[in-house]
Amino acid sequence: MALVQFAPAHAADARCGGVAAACDVPGGSYYVLLPDGPGPHPALLFLHGHGGSGDIALRNRARLGPFVDAGWAVIAPDGARWRTDGPRSWNAMLNPAGRDDVAFLHAVADDAAARFGLLRAAMTATGFSAGGMMVWRLACDTPEAFAAYAPVAGTLWAPLPDHCAGPAPMFHMHGTTDKVVPMEGRSMMDGRLVQGNLIDALGMLRRTMGCVGAATAPREPEGWRAEAWTACTGRGAITLVTHGGGHSVPPGWANAALAFFAAHPRG
24 MALVQFAPAH AADARCGGVA AACDVPGGSY YVLLPDGPGP HPALLFLHGH
74 GGSGDIALRN RARLGPFVDA GWAVIAPDGA RWRTDGPRSW NAMLNPAGRD
124 DVAFLHAVAD DAAARFGLLR AAMTATGFSA GGMMVWRLAC DTPEAFAAYA
174 PVAGTLWAPL PDHCAGPAPM FHMHGTTDKV VPMEGRSMMD GRLVQGNLID
224 ALGMLRRTMG CVGAATAPRE PEGWRAEAWT ACTGRGAITL VTHGGGHSVP
274 PGWANAALAF FAAHPRG
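Basically our numbering = 1-based index in the sequence shown + 23.
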C-alpha cells in the first residue's frame, strides 16, 4: 500500500504502525494503516478470519485499500491463540477459558484513537468469517462501542440470544452458496459447536431494534440482492446483502460498506 504514510500523533507512536510493527495493548496487539493527509481520520476495525493475523489482513490491497483511499485508517488486531502453536481466532462464544475479546477490542480501538488521533466516535467494526462472528458479538453486546457494524460471512453462535443490548447500524454480507458458514447454520464437532442461523439472528436483531414494516430492496450491483430495514428505533438500521458466491469477501464489498457507513454517521 504505497499510498500510506505514517503520521504519529506524538513521538511514542513512531514505535508502531504499518504491517511491520505491531502496537501492543494489554492482552494482545494490532496493526494500523493511515491514509495520506492530515487527520483526524475516521477508522475501521477489521477482524481477520480463523488462522489469519492483523498484518496479513492489511496486506490485502483489494479488500482494504478502498478504505484507505477514501481517507480511512484501518486497524487490524491479532486474534488470540488457544494453544501456543495454534491458529489465531476470536472468542465470539465468550468462552471464559479464552481472552475476553470484547474488552480487548474496545482497548484496541481506544488505544489506536489516542495514539494516532483517530475519530473514536466514528470508528466502525467489520470482519470476515470468524472475524465476522466476533463483529456480531460486538454489535449485540456493546452496540454503542462502534458507530456501525459490517460483518461478512459470519453470524452468532447458537444458541442465539433472545435479544441484543440495543440498536446499532448493521450491514451484513453473505454468500448464498457459503459452505463454511452457511446462512442456515452448521453443526460442528459432533454437535458441540453450532453456528447460528443467520436469518434467525437478523430476526432477533430486528426485534431488538424495534424495526417495523417490510424490507425495502435497495439497488445493488448485478448478482447481489439487498434487503433493508430502516424504520427502527434510535440509530437502528439493518441491511442484508447476499451474493451467489461462497465463503468470500466479494469485489465491491468495501465500497458498499463505505456507502452504508456514510448513510449512518456518528460523531
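Treat the hints as calculated values from the structure; they're not laboratory data. Just to be clear, a hint being listed does not mean it is correct.
[To be verified] Label pairs and their in silico Cβ distance ranges:
| # | residue 1 | residue 2 | range |
| --- | --- | --- | --- |
| 1 | N278 | A181 | 29 to 37 Å |
| 2 | T253 | P61 | 29 to 37 Å |
| 3 | V203 | D108 | 16 to 24 Å |
| 4 | A144 | A43 | 28 to 36 Å |
| 5 | A44 | D213 | 24 to 32 Å |
| 6 | G275 | D133 | 41 to 49 Å |
| 7 | G275 | G74 | 22 to 30 Å |
| 8 | A120 | T200 | 43 to 51 Å |
| 9 | T200 | A254 | 29 to 37 Å |
| 10 | R84 | P288 | 39 to 47 Å |
| 11 | G50 | T199 | 33 to 41 Å |
Predicted model, so just to flag it, every value in this text is computed and none were measured. Backbone N, C-alpha and C fix where the C-beta goes; we use that ideal spot for every residue, glycine too.
Okay, G275 versus D133 on CB: inside 41 to 49 Å?
Taking Cβ atoms as reference, G275 and D133 lie about 31 Å apart, which means the hint is violated.
Can you tell me whether the CB distance of N278 to A181 sits inside 29 to 37 Å?
holds, 32 Å
So the hint says 29 to 37 Å: do the beta-carbon atoms of T253 and P61 match that?
holds, 34 Å
Range first: 29 to 37 Å. Now tell me if the beta carbons of T200 and A254 are that far apart.
holds, 31 Å
Honestly, do R84 and P288 meet the 39 to 47 Å range at C-beta?
Given range 39 to 47 Å: violated, Cβ gap about 26 Å.
Tell me if the beta carbons of A44 and D213 are separated by a distance inside 24 to 32 Å.
violated, 42 Å
So the hint says 28 to 36 Å: do the beta-carbon atoms of A144 and A43 match that?
Once the Cβ atoms are compared, 29 Å apart, the range 28 to 36 Å for A43 and A144 holds.
Taking 43 to 51 Å as the hint, is the beta-carbon distance of A120 and T200 inside that range?
Violated, since A120 and T200 (Cβ atoms, about 34 Å apart) do not stay within the stated range.
How does the Cβ-Cβ distance of V203 and D108 compare with 16 to 24 Å: does it lie in that range?
holds, 23 Å
Using the Cβ atoms, figure out if G50 sits within 33 to 41 Å of T199.
Roughly 36 Å apart at Cβ, these two residues keep to the hinted range, so it holds.
Cβ distance range 22 to 30 Å for G275 and G74, holds or violated
holds, 25 Å
In the structure shown, a violation is registered for the earlier hints numbered 5, 6, 8, 10, in ascending order.
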